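As given, the protein sequences belong to chains H and L, one line each in that order.
Here the first sequence stands for residues 1 to 297, numbered as in the numbering used here.
Here the second sequence stands for residues 1 to 371, numbered as in the numbering used here.
Incorrect hints may have been included.
BS3-like cross-link-like pairs, simulated, lysine-lysine; straight-line CA separation at most 25 Å [stated by the list, open to error]: (1) L/K148 <-> H/K119; (2) L/K51 <-> H/K119; (3) L/K69 <-> H/K116; (4) L/K152 <-> H/K90; (5) L/K120 <-> L/K147; (6) H/K116 <-> L/K152; (7) H/K116 <-> H/K83; (8) L/K120 <-> H/K244; (9) L/K152 <-> L/K120; (10) L/K147 <-> H/K244; (11) H/K119 <-> H/K143; (12) H/K119 <-> L/K152; (13) L/K208 <-> L/K193; (14) L/K148 <-> H/K116; (15) L/K147 <-> H/K90.
Cβ-Cβ distance ranges computed for the label pairs, FRET-style [unchecked claim]: (16) H/T104 <-> L/S161: 52 to 58 Å; (17) L/N143 <-> H/P293: 34 to 40 Å; (18) H/R103 <-> L/G248: 22 to 28 Å.
It should be emphasised that the hints constitute simulated quantities derived from the structure, not laboratory data.
Given the structure is predicted, the values throughout are model-derived calculations rather than measurements.
Virtual Cβ for every residue (Gly too), placed ideally from N, Cα, C.
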Amino acid sequence: MEKLTARAEPSLAKLNFNLEHFMNLQKLPVLRITIVAFALGLLTLSSGRPETAQAGTSAKDLAASLSAVREGAAYVRLRLEVKQPADTIKISLQLQVKERRTRTATDLIYQVLWPKERKGESVLLHKSGDGPSTGWLFIPPDKLRSLSASQMSDAMFGSDLSYEDVIENFFGWENQTIVGTEVLNRVNCVILESKPDKSGNSSYAKVRSWIDFRRVVPLRVEKYLPSGQLARRIDTTRVASDDKGRSIPADLTVRSSREDSVTDLDGSRIRHDVAYTDREFTPKDLPEISAPPSAPE
Amino acid sequence: MTFFTVVARGLIRRPVRTGLTVLGISVGIAAVVALVGISRGFSKSWETGMKARGTDVVISNMGSSLIPKPFSASVIDRIAHLPHVAATCGILVDLISVENAQMIMVSAREWGGFSWNNLKLISGRMPHDATEPAVLLGRTAANVLNKKVGDKIQIETGELSVIGIVDGNAWVENGSIILALPLFQEITGNLGKINIVDLRVNPSTSAKDVQRLCEQINSLVPEGRAVVAGEHITDSEAYRMAQAMSWGTSLLAVLVGVLGVMNTMLMTVFERTQEICILLALGWKRGRIIRMVLWESAMLGLLGGVAGVLIGSVGVRILGRTPSIRGLLEPDLSTGLLAVSVAIAVAVGVVSGLYPAWRSSRLVPSRALQS
Chain H
1 MEKLTARAEP SLAKLNFNLE HFMNLQKLPV LRITIVAFAL GLLTLSSGRP ETAQAGTSAK
61 DLAASLSAVR EGAAYVRLRL EVKQPADTIK ISLQLQVKER RTRTATDLIY QVLWPKERKG
121 ESVLLHKSGD GPSTGWLFIP PDKLRSLSAS QMSDAMFGSD LSYEDVIENF FGWENQTIVG
181 TEVLNRVNCV ILESKPDKSG NSSYAKVRSW IDFRRVVPLR VEKYLPSGQL ARRIDTTRVA
241 SDDKGRSIPA DLTVRSSRED SVTDLDGSRI RHDVAYTDRE FTPKDLPEIS APPSAPE
Chain L
1 MTFFTVVARG LIRRPVRTGL TVLGISVGIA AVVALVGISR GFSKSWETGM KARGTDVVIS
61 NMGSSLIPKP FSASVIDRIA HLPHVAATCG ILVDLISVEN AQMIMVSARE WGGFSWNNLK
121 LISGRMPHDA TEPAVLLGRT AANVLNKKVG DKIQIETGEL SVIGIVDGNA WVENGSIILA
181 LPLFQEITGN LGKINIVDLR VNPSTSAKDV QRLCEQINSL VPEGRAVVAG EHITDSEAYR
241 MAQAMSWGTS LLAVLVGVLG VMNTMLMTVF ERTQEICILL ALGWKRGRII RMVLWESAML
301 GLLGGVAGVL IGSVGVRILG RTPSIRGLLE PDLSTGLLAV SVAIAVAVGV VSGLYPAWRS
361 SRLVPSRALQ S
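Could you build all of it, start to finish, from the sequences and the hints given here?
What follows is the structure in structure tokens.
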């Protein structure tokens with residue numbers, strides 16, 4: 001799960017229009033011309049924005065570029081809030097995430113830093129190639145147990161995300177198709193449909209992603225069960241630039257089939273190219289909460 | 001009946017329309033007050049913070065972020081010996097989510113550096129040394145985090161003790177968590193890194209020499225940029241963009257106000273054609289008719305401006321208490337900004353009234369007989 005730093009998006013003032021005034025404006029030729037000119041100006045400005053993804057990009061290329069953004073070693077700090085019902089905070093956690101992703105393998109550690117009573121709860125997940133995901137769960141002071149394949153769809157830290165959701169890279173699946181386009185929150189998106197191979201390692205039958213074509217960022221992800229039921233919807237609520245200047249989802253809202261439950265993930269920091277050792281991604285080191293290794297000077 | 005009675009009656013005649021027009025302008029002016037006040041407040045609170053720390057020059061790399069990019073602490077060795085440099089202090093500043101607070105400033109300072117000197121203890125004590133796992137909280141930060149001396153605080157991977165509450169004589173300082181640099185470098189995995197160097201010059205240094213020193217540092221330290229304290233924020237891309245967006249959004253809101261006033265005044269002129277023609281027949285000069293319309297629209301602007309300043313000031317204070325920005329911003333609602341906002345509103349009124357005034361001046365007394 002990609003997350004991020006900077007916070008500085010100023011909000012636009014919302015202006016109320018008086019209908020009677022507006023109707024009166026229509027009667028006046030000078031003002032009508034002004035409004036049309038203003039509207040044309042806005043249209044001209046909006047059509048002049050650069051596109052980064054090319055119009056002819058295939059589904060596989062698009063998925064590959066989304067997958068490539070996630071590759072490498074990174075350290076992420078985020079805050080996770082579970083709201084049940086949707087306006088009451090039930091769980092609030094500060095997390096650190098250490099991840100190492102290549103095209104063929106992924107290692108992930110999620111660790112709770114706060115609150116004190118849950119500090120140290122950690123999850124270690126590993127996935128190699130098309131094989132099943134494996135994992136370990138540590139609950140302080142000393143409970144360390146492995147996660148079976150069937151437990152991969154369990155909720156992680158009581159949130160609306162499962163272990164499978166954080167380890168699985170559906171952009172890396174073989175079967176990718178563009179099934180349409182849609183404007184989502186005034187952003188032109190292509191809808192990418194990803195289907196897993198027949199190995200049966202995913203509990204999802206398909207995943208649909210609404211990709212902002214300009215920034216190449218998923219703005220919505222919907223995961224469907226083999227029954228066709230929508231299992232999870234993940235909406236990107238803030239996009240920010242990472243330490244490499246790339247656009248990535250910074251804040252996410254996750255809704256699962258659990259009634260009245262919403263999980264918010266707010267990213268506060270991401271650092272790429274972190275030099276992790278293999279030892280850090282072992283169950284033995286899971287109880288240890290350590291800072292990411294320093295970047296070389 | 002005086003000239004101004006005629007002007008006032010023109011506005012009072014249609015109270016709902018006048019009220020809605022005033023509301024339209026006030027929304028625009030409230031946007032000016034709130035958005036510009038917040039962005040100015042941000043830079044002003046940094047400037048005050050720098051002055052409180054006794055910093056004359058700041059070396060940082062702001063780029064497009066509000067938090068400077070980290071660089072090696074060895075930069076200090078390259079500049080400490082330069083002429084006019086009295087003292088330096090390496091700092092690692094970050095804006096992070098701590099416990100329940102969404103965003104809070106953490107300011108880690110070189111142990112023994114002059115940037116500690118401005119902190120006045122309200123309660124507790126100062127750290128014993130650079131390695132003590134302890135923090136000081138600015139008084140606003142203590143309030144936001146709901147912490148007191150003796151409490152524990154989780155900052156990134158470190159659990160630290162709150163050993164003192166301090167007053168730093170500036171909003172930025174009071175809203176910060178303050179700790180020793182090596183401690184923060186360790187718990188964030190930033191060993192040997194800082195992102196700000198506070199520099200103090202000798203008291204006798206002239207402004208010209210300070211400028212020359214900045215140029216000298218800039219040639220020696222390509223990873224950062226030296227600017228006179230306070231200017232490093234206004235110099236950043238992010239601040240300039242926020243400032244431009246504040247003014248841009250405000251001006252759009254004001255434009256809507258202009259259209260509203262113009263519409264109201266045109267309607268007034270159309271409705272009062274007979275009255276204006278009679279006034280002309282009674283001997284009123286065209287200039288006086290123009291003045292009457294302009295005074296009316298200026299009055300609308302003035303009322304909208306005053307209402308907008310009130311709405312903006314109250315709104316920005318409410319905004320400042322929201323959990324996400326509590327302790328981070330001190331809006332600059334200076335008399336100057338409020339006066340400029342009212343002046344903009346009056347100017348909006350006058351400009352909006354020009355076309356209706358011109359239309360009214362073209363009426364002829366005989367039109368009174370036609371209606």
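Here's how the hints hold up against the structure:
This hinted pair checks out: L/K148 and H/K119 have alpha carbons roughly 21 Å apart, not beyond 25 Å. A threshold of 25 Å between alpha carbons decides the hint, and for L/K51 with H/K119 the separation of about 39 Å lies outside it, so the pair is violated. A distance of roughly 31 Å separates the Cα atoms of L/K69 and H/K116; the hinted pair therefore is violated under the 25 Å criterion. Note on L/K152 and H/K90: the hinted pairing holds, with a Cα-Cα distance of about 22 Å set against a maximum of 25 Å.
Proposed proximity of L/K120 and L/K147 is supported: the alpha carbons are some 18 Å apart, at most 25 Å. Between H/K116 and L/K152 the alpha-carbon distance is near 9 Å, which keeps this suggested pair within the 25 Å criterion. About 20 Å separates the Cα atoms of H/K116 and H/K83, which keeps this hinted pair within 25 Å; it holds. For the hint pairing L/K120 with H/K244, the CA-to-CA distance comes to about 40 Å; that exceeds 25 Å, so the pair is violated.
Restraint check for L/K152 and L/K120: the C-alpha separation of about 21 Å stays at or below 25 Å, so the hint holds. A distance of roughly 36 Å separates the Cα atoms of L/K147 and H/K244; the hinted pair therefore is violated under the 25 Å criterion. Restraint check for H/K119 and H/K143: the C-alpha separation of about 13 Å stays at or below 25 Å, so the hint holds. The suggested pairing of H/K119 with L/K152 holds, with an alpha-carbon distance near 13 Å, which does not exceed 25 Å.
Only pairs whose Cα atoms come within 25 Å are accepted, and L/K208 paired with L/K193 is rejected, the gap being roughly 31 Å. Between L/K148 and H/K116 the CA atoms are separated by roughly 17 Å; this keeps the pair inside 25 Å, and the hint holds. The straight-line distance between the Cα atoms of L/K147 and H/K90 is roughly 22 Å, inside the 25 Å bound, and the hint therefore holds. Against the hinted window of 52 to 58 Å, the Cβ-Cβ separation of H/T104 and L/S161 comes to about 45 Å, which falls outside the hint.
For the pair L/N143 and H/P293, the beta carbons lie near 35 Å from each other, so the given range of 34 to 40 Å is met. Between H/R103 and L/G248 the beta carbon distance is about 44 Å. The supplied range of 22 to 28 Å is therefore violated.
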